[in-house]
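Colleague: Let's have the full structure, built from the sequences with the hints guiding it.
Chain by chain, the residues run as shown.
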Amino acid sequence: MSYIIDRRQNAKKKSTVNRQRFLKRYKKHIKEAVEDAVNSRSITNIDQGGSVTIPRRDISEPIFHHGKGGVTKRVFPGNKEFVVGDEFQRPSGGGGGGGSGDGKASNQGEGMDDFTFQISQDEFLDFMFDGLELPYLVKKQLKNTTQYETRRAGFTNAGAPEKIHIVRSLRSAQARRVALTGKERREIRALYNEIESLQKRLPDDEAEQQIAALRLQIDELKQKIKRVPWIDDFDIKYNNTIRVPVPSSKAVMFCVMDVSGSMTQSIKDIAKRFFVLLYLFLKRNYKQIEVVFIRHHTHAKEVDEQEFFYSRETGGTIVSSALKLTGEVLQERYPAGDWNIYVAQASDGDNWDGDSNICGELLQKQILPMVQYFAYVEITTGPHQNLWLEYEKVYESWADSFAMHQITDAGEIYPVFRKLFEKKTEGAA
Amino acid sequence: MKKKEPISTGAEWTFELIERYDQEISRVAETFELDTYPNQIEIITSEQMMDAYSSVGMPLNYNHWSFGKQFVETEQNYRRGRMGLAYEIVINSDPCISYLMEENTMTMQALVIAHACYGHNSFFKGNYLFRTWTDATAIIDYLLFAKNYIRRCEERYGAEEVEALLDSCHALMNYGVNRYQRPQPITAEEERERQKAREEYVQRHINELWNTIPKKEEEERPSTMRFPAEPEENILYFVEKNAPLLESWQREIIRIVRKVSQYFYPQKQTQVMNEGWACFWHYTLLHALYDEGLVTDGFMMEFLHSHSSVVFQPSFDSPYFSGINPYTIGYNMMTDIRRICENPTEEDKQWFPDIAGSNWLETMQNAMRNYKDESFILQFLSPKMIRDLKLFTILDDAERPTLAVSSIHDELGYKQIREDLAAQYNLGNREPNIQVYNVNVRGDRALTLRHYVHNGQPLGDDTDEVLRHLHRLWGFDVHLESVLPDGTVTRSQHCPPVQQDMIEQI
Chain E
2 MSYIIDRRQN
12 AKKKSTVNRQ
22 RFLKRYKKHI
32 KEAVEDAVNS
42 RSITNIDQGG
52 SVTIPRRDIS
62 EPIFHHGKGG
72 VTKRVFPGNK
82 EFVVGDEFQR
92 PSGGGGGGGS
102 GDGKASNQGE
112 GMDDFTFQIS
122 QDEFLDFMFD
132 GLELPYLVKK
142 QLKNTTQYET
152 RRAGFTNAGA
162 PEKIHIVRSL
172 RSAQARRVAL
182 TGKERREIRA
192 LYNEIESLQK
202 RLPDDEAEQQ
212 IAALRLQIDE
222 LKQKIKRVPW
232 IDDFDIKYNN
242 TIRVPVPSSK
252 AVMFCVMDVS
262 GSMTQSIKDI
272 AKRFFVLLYL
282 FLKRNYKQIE
292 VVFIRHHTHA
302 KEVDEQEFFY
312 SRETGGTIVS
322 SALKLTGEVL
332 QERYPAGDWN
342 IYVAQASDGD
352 NWDGDSNICG
362 ELLQKQILPM
372 VQYFAYVEIT
382 TGPHQNLWLE
392 YEKVYESWAD
402 SFAMHQITDA
412 GEIYPVFRKL
422 FEKKTEGAA
Chain H
2 MKKKEPISTG
12 AEWTFELIER
22 YDQEISRVAE
32 TFELDTYPNQ
42 IEIITSEQMM
52 DAYSSVGMPL
62 NYNHWSFGKQ
72 FVETEQNYRR
82 GRMGLAYEIV
92 INSDPCISYL
102 MEENTMTMQA
112 LVIAHACYGH
122 NSFFKGNYLF
132 RTWTDATAII
142 DYLLFAKNYI
152 RRCEERYGAE
162 EVEALLDSCH
172 ALMNYGVNRY
182 QRPQPITAEE
192 ERERQKAREE
202 YVQRHINELW
212 NTIPKKEEEE
222 RPSTMRFPAE
232 PEENILYFVE
242 KNAPLLESWQ
252 REIIRIVRKV
262 SQYFYPQKQT
272 QVMNEGWACF
282 WHYTLLHALY
292 DEGLVTDGFM
302 MEFLHSHSSV
312 VFQPSFDSPY
322 FSGINPYTIG
332 YNMMTDIRRI
342 CENPTEEDKQ
352 WFPDIAGSNW
362 LETMQNAMRN
372 YKDESFILQF
382 LSPKMIRDLK
392 LFTILDDAER
402 PTLAVSSIHD
412 ELGYKQIRED
422 LAAQYNLGNR
432 EPNIQVYNVN
442 VRGDRALTLR
452 HYVHNGQPLG
462 DDTDEVLRHL
472 HRLWGFDVHL
482 ESVLPDGTVT
492 RSQHCPPVQQ
502 DMIEQI
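As given, the protein sequences belong to chains E and H, one line each in that order.
As numbered in my numbering, residues 2 to 430 make up the first sequence, in order.
As numbered in my numbering, residues 2 to 507 make up the second sequence, in order.
Errors might be hidden in some of the hints.
As the list claims (entries may be wrong) - Once the Cα atoms are required to be at most 25 Å apart in a straight line, the calculated BS3-like pairs of lysine-lysine come out as:
(1) H:Lys269 / H:Lys126
(2) H:Lys5 / E:Lys69
(3) E:Lys74 / H:Lys126
Said to hold, decoys possible - Counterexamples of contact, computed for chain E against chain H with all Cβ distances above 12 Å:
(4) Ala214
(5) Val293
(6) Tyr415
Simulated from the structure, these hints should not be mistaken for lab results.
Positions of the beta carbon are idealized from the N, C-alpha and C atoms, including for glycine.
Modeller: So this is what it looks like as structure tokens:
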């Protein structure tokens, strides 16, 4: 006799735990692979999953086995022209005529491919942003909470009629009925048993009378049971809901970039990658995210993405124009209470001499009090200029929400990004 | 005989059809006296099949990263189309659980039922190794116990601690097997009770062994006495019972790994026979259905296509060659035994006087019950098969610059090739022979292992790594000596490493 069972609906992800342990164990390798991938990928597919390669020897599980050497004999099939006594050179490497047989090869380490496997997009991003966090997110969110969310929170005994939980109410009513009528039902059972034993004596007048009396008793008890109310006030259960403050899940990201003559296409590419990383990172933390592109030379302009990255303009550089526009847009469209505001500025460090202290002032007065984080990257190989020096002053008084860094080539983007957002210990505020 | 209506004609399977096929195959199997455990056939998806793959084919197992690695690798290969999944997995349990993939066609399901549910199943129930070493009724319960026990340990002592311990145990898993002593079958309930008792007993026993209170003069034994008195082949067992510093939960985990290893020990030794037996029976059973007209010509074409690719043996110079295919050897030997019984030639009568012309079913059942790969080949590999497969032996002596052909499929070579091939399946030759030789009980508690060198083969380069794992379990120094048959020590390895030169200078 055979049993046939359909298991297809059973839990599928039995190996998930083991897989996660494996990933955890080789976190270092995977992170390296992810870092390489981030640096070498084009911007549009930077957030895809990817394949991770780990050297075979690093994940081998050692066991005792025979090494090379000694006298071994192996039987092969398919002889064509060999006769006893034929001699020939050892095939070089593992392949060739020999092949490798009985499953031992995997323990030898040599000649095996590296261990390559796929990780999903989510896992990829997890590793990419592992150890990073949005600076001082929690504190600001709670301070500025304006939104509430209704959440379920178990059941209560009081509430509005429309919140009655029918199944639970009936369940508790039934429990009460069972509890309250236990004695009576037990008695009824006993009486029935008695009747049964009396019935064996039938026909017998005395027994018949007794049976009638017993039946009367049973009816009485049944009446008693009936009088227990079918549902009672305190049976009724209500769905309980509470209002919890939710941190604003909306974020806006300002991309501010210098497009003056000194910014070449390669510098812009580096800047773009930086913006993309920031965008992905924010996207993981917020449900809804808006992006504002502001470009500037001597005056600033809000543009769309295409224009931001690809249109060419020339001219001098006045950074304050962009900051001023940023401040205005903030005031008009993104009140700090509802929005988490991030600003990323990229420039090659050029600025008109007299403008830098205006920038500093604008930042400190208008922008930094409103934003969550302001990140400035200077993409240059040359020495720092006055804008950097001015920003250093700003940094001294706004170390929490202001960060600046220099990037010299594309390979540095990701490390610098990590540095800007790495977990900081609480308390600096 | 009047032909019956075919059971099905399409490729799609349904549960009713599977049941129908199972009934018919079961009926035919009975006429061949196949004695099986009851079958439990489970239909699973390819994803579930990969899950099963990665926990060494068992329906449940404790958690460990190495199973995750296996899963990741399987998944990767499968997705890329580098490998197909096995059509089935079958578990030596009572009832015998077989997994069938939902992707299979009706023909494949029937093939798998014949192969696993009647072939492998009867092998599990009949073969002496399985009867001796495994307890089909208890394995699922035991694995459940192991999984829960290890999970509790993880909660209590931390997943990393447990993982490190399991790593070390896995490194020595092949040396956690009793080769000669028979284990007693017990149920999961007994197991739980015994585990408690064991905990207490072992701890007391160990304290006695490592007792440092000086004994009376007359009790002093001559220092030449070794502990253990006889070398111990089951290294994990020795560590479990004698390592001084282990806690009782650690000993229990070592025991679990040991038990699982012991459970798989027969499978490692009967690969050729087990697959050969199963292939022979799916071939025979499905042909019996065909003879009755229960399956169509199309069914047989598809079945034969699968069958012949499973038992295909590429020759040594083919790009597809990857060692001798155990399915080929096994299947051909089984068919060959039947041929020798039914139509013996003069040669067969000379080579197999006992079985030539005997009842083929009895002879095969007897072979299935009482042999393992090594002895099976040594007993039943016929000259005809050696000729058919054109087998030849290559001698690789590291001392010599060239490889030599030592035997080929001719009159002079048959016996030798048979021995060579049998030796290839001798577990004792495949795995280095390493045993616990001595413990320095009165001194630094160092553990000495001895590797008895076979044919001059040295140990591989993982050895140091394995010694580190053993060191973690034992807690004190570990030495490994490679000993030649004449008793000279050729090489010794140590963990932690010793500056050998420095010691010699002193």
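Colleague: Run every hint past the structure and note whether it holds.
Modeller: Okay, the hints, checked on the actual structure:
{"no.": "1", "hint": "H:Lys269 / H:Lys126", "in the structure": "16 Å, holds"}
{"no.": "2", "hint": "H:Lys5 / E:Lys69", "in the structure": "60 Å, violated"}
{"no.": "3", "hint": "E:Lys74 / H:Lys126", "in the structure": "34 Å, violated"}
{"no.": "4", "hint": "Ala214", "in the structure": "52 Å, holds"}
{"no.": "5", "hint": "Val293", "in the structure": "41 Å, holds"}
{"no.": "6", "hint": "Tyr415", "in the structure": "25 Å, holds"}
Comparing the model with each numbered hint stated earlier shows that hints 2 and 3 do not hold.
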